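> One letter stands for each residue in the lines below.
Protein chains: 2
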Amino acid sequence: MKEGGVHAVHVTIAYHETFREMVLAIEQWNRWFEQYPDLVFMGRSAADVNRAKQEKRTAIFFGFQNPSPIEDDIGLIEICHTLGIRFMQLTYNNQSLLATGCYEEEDSGVTRFGRQAIAEMNRVGLVVDMSHSAERSTLDAIDISSRPIAITHANPAWWHPALRNKSDDVLKALTGSGGMIGFSIYPHHLKESSNCSIESFCNMIAQAAERYGVDSLGIGSDLCQNQPDSVVTWMRNGRWSKQMDYGEGSASNAGFPDQPGWFRDSRDFNNIPGGLTAAGFAEAEVDAIMGGNWLRFYENSFGPLPV
Amino acid sequence: MKEGGVHAVHVTIAYHETFREMVLAIEQWNRWFEQYPDLVFMGRSAADVNRAKQEKRTAIFFGFQNPSPIEDDIGLIEICHTLGIRFMQLTYNNQSLLATGCYEEEDSGVTRFGRQAIAEMNRVGLVVDMSHSAERSTLDAIDISSRPIAITHANPAWWHPALRNKSDDVLKALTGSGGMIGFSIYPHHLKESSNCSIESFCNMIAQAAERYGVDSLGIGSDLCQNQPDSVVTWMRNGRWSKQMDYGEGSASNAGFPDQPGWFRDSRDFNNIPGGLTAAGFAEAEVDAIMGGNWLRFYENSFGPLPV
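Chains A and B are the protein sequences, given in the same order.
So that you can map any letter, position 151 of the first sequence is 151 in the working numbering, and since no number is skipped, the others follow by simple counting.
So that you can map any letter, position 229 of the second sequence is 229 in the working numbering, and since no number is skipped, the others follow by simple counting.
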């Protein structure tokens, strides 16, 4: 990350974990913060990103891909924010207590508990993330949330019509309300998958800029480095499935797909500015997409709502 | 219960409890079984009902009103059955991970996890109960389940159109597939509430017998005796709501409503056979409705599916 100039990372703290299990994941990060203070520290605010940049370190921001850690308890939203959680997806592929995931056949939108949870997240400064949610639930969340929300990692369906990528309607509603989209470099979200070129990826961003403006665009790499396949099996199956669920993969392609050659690990963040420049972006726009937009969003999102 | 001739009771072990919290409720029952062996023991099979009758005791059968105790873990279904759980509702008013409750605005039916959970419940002999579920989810569950399901406590909406009562479509599908309906004597489910007469209640059962046949009909009293209002507040609000939710009640009628005069406590089970006879049922039909139908259902439902 240091070599890639990455001063802030939003890391996954939970896929299917209960509250107590999620706390164990934070404990693991705390050990790393203790062991490697020259490299990483826990990020809680936009100011921490600036500090990381100055000190040539990386601020680690915590996010949930699923609301499983708040269990059925609205009081845990504030507790999680206090523990440093800054993003929470309302669903991870399946139906949750809050909303519907993109793998369900039917999407009933945000639930009764979901409406109260969004209000509470808005109050304390925990960002609603709808990366793995279904269409109607996402539009509902944008509408219900009093603060801009995020789709931290996905691409437009008009570029690559994967189940996880987002419709033009969703992206218009998201960006029109001040929300952010982080473009994903996970091969299943890319046109031509692992063979996707940096030109294709950056031209897609240029088209998105034309449709939605530059201000709402960022990177949300979905990068998973040096993890065993058991991690992807946990993501997809949790404890809910007795059958093997391959998610975006398949029986013959069950593990992590190969990253494209221009984005193998965090060092390759260095390749993207050149790609964006070649796609026609000005320097200030490249800076905004590479981090400036997220930084502004962090500034406005992580504190409590003024009473 | 002894005075009321009640030899089997399906008790609520969980509304919103996690697995661990639910185990505490079983521990409480275990203490009572230890302290009052002349009155109660844990029921696991239909044979235990016959034994209770012979020994003039009451067999206590465990049920969940919500799937919260299985959390997100399909493996907990077999564990719960081993612990003695014999009924599990897929939802309690709100959306669950498995299906939609009757208080949600939208009903998306049984979820991906829900389909797998029903198959697992069928396998081990844990009855699917849809008493608090929404219409489409209930029809889905009847369709997906390979074994007859139950609506353990509700009444027909054509008699009293409460949100919790069931449509003719649901009752036809339920009884047509061998499922059971237990008629509720909770005032919010009764025509004229606490003022409902035993004649009105038993005439409703007679009409249900004409529509659906006698074999699928039983009593599911929903009786809650000598419990503080904090119990009804927990039922309705769990940990999910920051606002007070009054459920079937209202701000001015927040606690338990008064029982009708002919059904104040378990002793008043003795009043129902006379009411059924007056409504035109023959003696064998009265016996079937008072317990014979449930006993046959227990015989067929609590064991594992033959492999």
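Since the hints were made in silico from the structure, they are not lab data.
Don't take every hint at face value.
Just so you know, same-sequence chains aren't split out, so a pair can sit in one copy or run between any two.
[Unchecked claim] Pairs of lysine to any residue residues, derived as SDA-like cross-links and limited to a Cα-Cα distance of at most 25 Å, are as follows:
#, residue 1, residue 2
1, Lys-242, Glu-71
2, Lys-242, Gly-303
3, Lys-242, Glu-17
4, Lys-172, Asn-271
5, Lys-242, Ser-146
6, Lys-242, Phe-19
Small disclaimer: the values here were computed from a predicted structure and weren't measured.
> Taking the hints in turn, state whether each one holds.
Going through the hints against the structure:
| no. | hint | in the structure |
| --- | --- | --- |
| 1 | Lys-242 x Glu-71 | both (21 Å within a copy, 15 Å between copies) |
| 2 | Lys-242 x Gly-303 | between (41 Å within a copy, 21 Å between copies) |
| 3 | Lys-242 x Glu-17 | both (17 Å within a copy, 23 Å between copies) |
| 4 | Lys-172 x Asn-271 | neither (28 Å within a copy, 64 Å between copies) |
| 5 | Lys-242 x Ser-146 | between (39 Å within a copy, 17 Å between copies) |
| 6 | Lys-242 x Phe-19 | both (23 Å within a copy, 19 Å between copies) |
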